[in-house]
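Peer 1: If you want the building blocks of each chain, they are given just below.
2 protein chains.
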Amino acid sequence: MKLKTLIAISAYIVIATTTATSQTQVSRVLSHAPTKTLVERLGYPADTKLLIVHADDLGMAHSINRASIKGLETGLVSSASIMIPCSWLPEIAAYARSHPDADLGLHLTLTSEWGLYRWGPVLGKEQVPSLLDRDGYLYLTETEAAAHIDPKEAEAEIRAQIARARALGIQPTHLDSHMGTLYQNQALFETLFRVAHDNKLLIRVSKEWFATAPFLPSLMGPDDVAVNTIISIEPSVTADGWSKFYGDAIKNLQPGITEMIVHLAYDDEEMKGVTSAHPNWGSEWRQRDFQFVTSEAFRKLLKDNNVKLVTWREVGKLMKKAGQ
Amino acid sequence: MKLKTLIAISAYIVIATTTATSQTQVSRVLSHAPTKTLVERLGYPADTKLLIVHADDLGMAHSINRASIKGLETGLVSSASIMIPCSWLPEIAAYARSHPDADLGLHLTLTSEWGLYRWGPVLGKEQVPSLLDRDGYLYLTETEAAAHIDPKEAEAEIRAQIARARALGIQPTHLDSHMGTLYQNQALFETLFRVAHDNKLLIRVSKEWFATAPFLPSLMGPDDVAVNTIISIEPSVTADGWSKFYGDAIKNLQPGITEMIVHLAYDDEEMKGVTSAHPNWGSEWRQRDFQFVTSEAFRKLLKDNNVKLVTWREVGKLMKKAGQ
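Taken in sequence, the protein lines are chains B and X. Okay, so the first sequence: first residue is 1 according to this note's numbering, each after it adds one. Okay, so the second sequence: first residue is 1 according to this note's numbering, each after it adds one.
Note that these hints are calculated values from the structure, not bench results. Some clues are possibly wrong.
To be verified - Dumping the calculated BS3-like pairs for lysine-lysine here, alpha-carbon to alpha-carbon at most 27 Å:
#, chain 1, residue 1, chain 2, residue 2
1, X, Lys125, B, Lys125
2, X, Lys70, X, Lys317
3, B, Lys272, X, Lys272
4, X, Lys272, B, Lys70
5, X, Lys70, B, Lys272
6, B, Lys207, B, Lys36
7, X, Lys251, X, Lys300
To be verified - Per the computed footprint, the stretches of chain B lying under chain X, defined by three or more beta-carbons under 8 Å from a beta-carbon of chain X, are:
#, region
8, 90–104
9, 109–118
10, 264–270
11, 304–316
Claimed, not checked - Only part of the chain X face toward chain B is listed, based on derived beta-carbon distances under 10 Å:
#, residue
12, Leu42
13, Ser87
14, Gly120
15, Val122
16, Arg134
17, Tyr137
18, Asp268
All figures in this text were calculated on a predicted structure; none of them were measured in a lab. No residue lacks a Cβ here, since even glycine has one placed at the ideal position from N, Cα and C.
Pulled out of the complex, with its shape left as it was, chain B reads as follows (with noise of 0.2 Å):
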């Protein structure tokens, strides 16, 4: 998911004056307990810096799902999410079933941005015509999907994607979606919720998106979470400046739950194909992502700062969701 999605949602989102109810929503969100905050709640003391490193775009290619998986493994990858339509979904829900304690979520899918790889739908064509481009693919980009998405197929689709990955074995312990297009406008977050409400799951949300979707706290239930902020590395930095992220990144990091995403791959001749036609996200940034994360200067960071990672699942058995 990028960055510079969630701080561009406002440019899609019907801005709304900040009703007195959503402003009584937006307390009973960020204090849901009255004596005790989130952190406490998980078992921490409240001042603690709690941090989700999530990975990204599992499912997409052999390439992020060696990466991922490696990620994972050391520790320093807390949670990651799975994208249902892609061919290299075998991959990860073998992966899944043979590690139920693997803190995966689904990365709902709605676009296909690569030029020359690329995927359609769970659901049939036929069923779900506005999420086609004219190649009969998902739209290459967020924007081009909102603008063109019936929220209703939307909402089928998405219904779909959960039950296949449910089929195959995969329990998902929470839901966000890729490239953000289902936060590109109010309809799409409305049928996100409800979605997720029905499946009783966490979605990814970040209480910096509030000032620019005030319709957003109204949405959440009592046991919906949000996190403080997000952390995404943008394409623009370049090698040398990737410690210097992180590390003032998480130097900075507040009491309470962030989320750290982050896009694991290999610098391989497959990713370098699937990001061949395009200039961002691309498979060096990507590979630069997966040795940052998986190094010990990572982990020493996070020790130095005393930053706890927690998982997906965690917060979502103190909210009674499912997949638990």
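Starting from the known structure of chain B, fit chain X onto it as the hints suggest.
Peer 2: Relative to chain B, chain X alone:
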């Protein structure tokens, strides 16, 4: 396409007594032109040994696309065919659009044989339920597929594959069947011929098959062509047996048209991953095929044995087929 599959066709074919009618058909097909042989009509002396060197499985993986394109560009691979349901199709469709003279057909796909990397049909799953296994993908093997497929649904799916290819700018010169699924029984053969005739396309057919599929000549029209024989190296051939296998095969070629099916890929991480759950047709085996058919040794072998490479396009043009 597997030679083993071709040889094993008889197991799935309703063996019929060769009738006078089919004998007549055989004669008509085998000696189509009363005065000139097919080889002569293509502009060669009657005793010329013509060879179509054909790469299968394009579109299935980036590794296969890279190796097969390199094979085509050496001039030692004369023809290839594309799998439409696979995610790397856009890469090979882009190549087809920018190389309109490349001899590219469709490797009609009704199976998805790798354990960890899979695909479904082009049509919606609701339209072709008999094509799907319990995980919602095309069947793993050609025998399972043939046992479950409703030929009407197979027909709808292969028509959709042809339409999709054309919509993406591929002008196919011929058709064949991935893993020989459409060669598994008479009903599927009939489906294939009906679709090929409606689309004015040649089909890969070998005269060798007539013994075990006696109905086959009766399905062929006056503008269809059967090659003399098909050469395809078995997965059981070890690395040191490669040159001998192809050396013997080329030295033993007979006048007329022979097709040599090759499976080109690199032994890279992607292809190791694709073929990991599959002992045969693996990435090392495919790289050996690539190395041999793009070698100067192969070029010399063809020259020394006076073998001329030919394409499906040349044959199709003669037979007034489409895509020329």
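Peer 1: Please go over all the hints and tell whether each is borne out by the structure.
Peer 2: Verification of the supplied hints:
1. X:Lys125 / B:Lys125: 9 Å, holds
2. X:Lys70 / X:Lys317: 25 Å, holds
3. B:Lys272 / X:Lys272: 16 Å, holds
4. X:Lys272 / B:Lys70: 17 Å, holds
5. X:Lys70 / B:Lys272: Roughly 17 Å between the alpha carbons, so the hint for Lys70 (chain X) and Lys272 (chain B) holds.
6. B:Lys207 / B:Lys36: Holds. Lys207 (chain B) to Lys36 (chain B) sits at ~18 Å (cutoff 27 Å).
7. X:Lys251 / X:Lys300: Answer holds: Lys251 (chain X) to Lys300 (chain X) is near 12 Å, not above 27 Å.
8. 90–104: It holds: at least three residues are needed, and the region 90–104 of chain B offers 3 whose Cβ sits within less than 8 Å of chain X.
9. 109–118: holds (count 4)
10. 264–270: holds (count 4)
11. 304–316: Per the Cβ count (0), the hint is violated.
12. Leu42: At about 35 Å, which exceeds the 10 Å cut-off, the nearest Cβ of chain B leaves the hint on Leu42 (chain X) violated.
13. Ser87: 5 Å, holds
14. Gly120: Because about 9 Å separates Gly120 (chain X) from the closest Cβ in chain B, which is inside the 10 Å limit, the hint holds.
15. Val122: Result: holds, 8 Å to nearest chain B Cβ.
16. Arg134: 8 Å, holds
17. Tyr137: Holds: closest Cβ of chain B sits about 8 Å from Tyr137 (chain X), inside 10 Å.
18. Asp268: 5 Å, holds
Violated hints for the displayed structure, listed by number in ascending order: 11 and 12.
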